[in-house]
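Number of protein chains: 2
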Amino acid sequence: MAIVVQKFGGTSVANAEKIRRAAGRAIKAHQQGNQVVVVASARGKQTDQLVADALELNPNPPKREMDMLLSTGEQQTVSLMAMCLEAMGQKATSFTGQQIQMITDNLHGKARIQSIGAEKVKEKLSAGHICIVAGFQGVDESGNITTLGRGGSDTSAVAIAAALGADECEIYTDVDGIYSTDPRKYPNAVKMQQISYDEMLELASLGAGVMHGRAIEFGKKYDVTIHVRSSMNDNTGTLITHEVPQMEGIVVSGATTQKDLAQIALIGLDNTPGNAAGVFAHLAASNVSVNDIIQTEVNSEKATLSFTVARSDLDAAKQAIEEIRKQIDCESVFIREDIAEVSVVGVGMRSHCGVAEKMFNALFAAKVNIDAITTSEIRISCLVDLADAEKALVAVCDAFELDKPAEERTQP
Amino acid sequence: MAIVVQKFGGTSVANAEKIRRAAGRAIKAHQQGNQVVVVASARGKQTDQLVADALELNPNPPKREMDMLLSTGEQQTVSLMAMCLEAMGQKATSFTGQQIQMITDNLHGKARIQSIGAEKVKEKLSAGHICIVAGFQGVDESGNITTLGRGGSDTSAVAIAAALGADECEIYTDVDGIYSTDPRKYPNAVKMQQISYDEMLELASLGAGVMHGRAIEFGKKYDVTIHVRSSMNDNTGTLITHEVPQMEGIVVSGATTQKDLAQIALIGLDNTPGNAAGVFAHLAASNVSVNDIIQTEVNSEKATLSFTVARSDLDAAKQAIEEIRKQIDCESVFIREDIAEVSVVGVGMRSHCGVAEKMFNALFAAKVNIDAITTSEIRISCLVDLADAEKALVAVCDAFELDKPAEERTQP
Numbered sequence: 003m004a005i006v007v008q009k010f011g012g013t014s015v016a017n018a019e020k021i022r023r024a025a026g027r028a029i030k031a032h033q034q035g036n037q038v039v040v041v042a043s044a045r046g047k048q049t050d051q052l053v054a055d056a057l058e059l060n061p062n063p064p065k066r067e068m069d070m071l072l073s074t075g076e077q078q079t080v081s082l083m084a085m086c087l088e089a090m091g092q093k094a095t096s097f098t099g100q101q102i103q104m105i106t107d108n109l110h111g112k113a114r115i116q117s118i119g120a121e122k123v124k125e126k127l128s129a130g131h132i133c134i135v136a137g138f139q140g141v142d143e144s145g146n147i148t149t150l151g152r153g154g155s156d157t158s159a160v161a162i163a164a165a166l167g168a169d170e171c172e173i174y175t176d177v178d179g180i181y182s183t184d185p186r187k188y189p190n191a192v193k194m195q196q197i198s199y200d201e202m203l204e205l206a207s208l209g210a211g212v213m214h215g216r217a218i219e220f221g222k223k224y225d226v227t228i229h230v231r232s233s234m235n236d237n238t239g240t241l242i243t244h245e246v247p248q249m250e251g252i253v254v255s256g257a258t259t260q261k262d263l264a265q266i267a268l269i270g271l272d273n274t275p276g277n278a279a280g281v282f283a284h285l286a287a288s289n290v291s292v293n294d295i296i297q298t299e300v301n302s303e304k305a306t307l308s309f310t311v312a313r314s315d316l317d318a319a320k321q322a323i324e325e326i327r328k329q330i331d332c333e334s335v336f337i338r339e340d341i342a343e344v345s346v347v348g349v350g351m352r353s354h355c356g357v358a359e360k361m362f363n364a365l366f367a368a369k370v371n372i373d374a375i376t377t378s379e380i381r382i383s384c385l386v387d388l389a390d391a392e393k394a395l396v397a398v399c400d401a402f403e404l405d406k407p408a409e410e411r412t413q414p
Numbered sequence: 003m004a005i006v007v008q009k010f011g012g013t014s015v016a017n018a019e020k021i022r023r024a025a026g027r028a029i030k031a032h033q034q035g036n037q038v039v040v041v042a043s044a045r046g047k048q049t050d051q052l053v054a055d056a057l058e059l060n061p062n063p064p065k066r067e068m069d070m071l072l073s074t075g076e077q078q079t080v081s082l083m084a085m086c087l088e089a090m091g092q093k094a095t096s097f098t099g100q101q102i103q104m105i106t107d108n109l110h111g112k113a114r115i116q117s118i119g120a121e122k123v124k125e126k127l128s129a130g131h132i133c134i135v136a137g138f139q140g141v142d143e144s145g146n147i148t149t150l151g152r153g154g155s156d157t158s159a160v161a162i163a164a165a166l167g168a169d170e171c172e173i174y175t176d177v178d179g180i181y182s183t184d185p186r187k188y189p190n191a192v193k194m195q196q197i198s199y200d201e202m203l204e205l206a207s208l209g210a211g212v213m214h215g216r217a218i219e220f221g222k223k224y225d226v227t228i229h230v231r232s233s234m235n236d237n238t239g240t241l242i243t244h245e246v247p248q249m250e251g252i253v254v255s256g257a258t259t260q261k262d263l264a265q266i267a268l269i270g271l272d273n274t275p276g277n278a279a280g281v282f283a284h285l286a287a288s289n290v291s292v293n294d295i296i297q298t299e300v301n302s303e304k305a306t307l308s309f310t311v312a313r314s315d316l317d318a319a320k321q322a323i324e325e326i327r328k329q330i331d332c333e334s335v336f337i338r339e340d341i342a343e344v345s346v347v348g349v350g351m352r353s354h355c356g357v358a359e360k361m362f363n364a365l366f367a368a369k370v371n372i373d374a375i376t377t378s379e380i381r382i383s384c385l386v387d388l389a390d391a392e393k394a395l396v397a398v399c400d401a402f403e404l405d406k407p408a409e410e411r412t413q414p
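As you go down the protein sequences, you meet chains D and R in turn.
Note that the working numbering gives residue 254 to position 252 of the first sequence, counting from 1, and the numbers run on in steps of one.
Note that the working numbering gives residue 273 to position 271 of the second sequence, counting from 1, and the numbers run on in steps of one.
These are computed hints drawn from the structure, not numbers from a lab.
Identical chains share a label here; the pair holds if one copy fits it or two copies do between them.
Here are the simulated DSS-like cross-link-like pairs (lysine-lysine), alpha carbons at most 27 Å apart as the crow flies:
no., residue 1, residue 2
1, Lys193, Lys30
2, Lys65, Lys124
3, Lys112, Lys122
4, Lys20, Lys65
5, Lys65, Lys126
6, Lys112, Lys93
7, Lys369, Lys393
8, Lys112, Lys320
9, Lys20, Lys47
10, Lys65, Lys30
11, Lys93, Lys65
12, Lys187, Lys406
13, Lys261, Lys47
14, Lys112, Lys126
15, Lys93, Lys122
16, Lys187, Lys393
17, Lys406, Lys393
These numbers come from a predicted model, not from an experiment.
Generate the whole structure from the sequences, applying the supplied hints.
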């Protein structure tokens, strides 16, 4: 008997009608002969309301208590959905993260899953129940409630699918799959039929908010296909899966822009071993997460070290840089906030030449100046003027024909 | 170092301002050198809202899932109060019922506490934290969340006080103590300074809704004084405590009326051994809770067996009686719904004569007919016409001078 894991996000369980619809979908899968596990998020705006309640009492609430508070949102959804299923004649049991022994580390607010004891779920599945598990939450080894951070319910769902040995995890959402780029910025973007874990990881790290990176990592590690699809219809969505041969033909699967960045460059840095490491150690100690790093040597003694950070981390980054300048010789620091990054991602890049050239030409033709370039094996990113971000994305999407289904694109 | 347990009900934590006030009270007790544990209920109307959410999806929700849902209300309060205390500069940690290992049986919706593992609370208290524990909730041996039923947070608080070896448990509420009778029905009712566990148990079973019976039983069993007091001021409230010699002088401590009753009489019942037991076994199997029972023999062969039930249980009781009449010979069944019970309670009755006479005379003078009488060692109850209920209560309260402080009343 196959095990199906279905995850419903907050908008898909926002009210009684939507909970009923999600329950109906779970029952349908059960009637088709599957064992069904539902993973649910907090209803609609519940989490926002709880955050507001917290901030009214404490502008900087302790993270442990915040997790204790926020985890109630998912607990409410799963019990309500179990009641709904029972009302529809289906045996059902809900579980908190604690009850399925979703053990995490103790980093409240962004905990990482360490293990899942799925025995109770298996027991109830064997007894014909649909099991509804609260997403987003776990407990640390001392029994404190933890939460997994943004997109955490996706991670819960994929991790549970892995723990139960399910082949597929369905992620129900308010869009009908993953698009080649953000349709709000490029209206002709097409829905992808499938995409590899690696590409999806790159896109997630580039701010394409569809899926949490951790969820994708779990899928890749434990061989769980992730099916992102609409909660409003029965259409097939996008499968996130292992790389298959035909993916190699697709040079560029998706494109993104990131606009919440700042660029920092340390100019005339002493080019001695350990200096760069010192800079990033300092930034890490200040909890600044660093994106693309570029180092260029001016001569054998001096170098320019450039990197990007989230704009929200810029103040912390500046402070860390001031500290490090007391220890490391550096001529000047250049900071730029009106910057954006345009990226293309595709596993086909590995085996095709001319991808970078095509991207640069497209930007040139659109009169977009490129300030910096970084690449990975399956990604090319260009820093551009913030004002040019939208124009640059459209130019790149047009060039790589992201308005057409993958199989209809011109091969390079 | 003394341990103080403070319980705040839903109205005392209904909004941010009230949570701050409750937190301030806990901090004050902490600054006075006590170790402080706060037990809190769900905020204001939260539980009502959750019940409404549930009924929208299932008119008869499974009790396990209802407990799962409702327990989130208290979890929200305790985390918010911990945040509030931290904002006020006080270290604080919140706990769910599961986290303090409040183990109960598995009777969802009216579970009974079996044990409490207070180690984590003790640890945090020793580290200078105020601990905030979610009332009303526990877990069964399999880890399912349970709730303790109406007034359950009081029971949680007294049980935690007992587990920690605290001398006193403070119950903060929106009235300033326990009154000799309901002030809405008898405006001159006086606040009691103290009352014995046994009297309070009788009053609770007579529907005086101030305290849950189980909470009082815990207090009695584990020697915890229960201090019922106002969350709005610092006045001493009412102490529920072991019987002390001066209580004996108080003939009647309190009076009540119960108006949600129905009387059932089985007339001309075969007076053979086991018949009465059969009747009550059948009623118990139908989940009908039976109050006062009176049996009178008509002759050696026939008897009349009369008892009262909650009016909400009347339909179930009627059905059970129809069943039993197939097995037991009984001439007729008399059912009366327009009935009320007036009761007086006091440990002084044990050593004073004339209490019943005084009560009957008062009712006679008020032209209230008495339909039935039952007594216990510390209680006298009269069934009267429902229309006479208020008049009867006033007559009895006047007769026993329940408008005066106990020490000023005329001794019989």
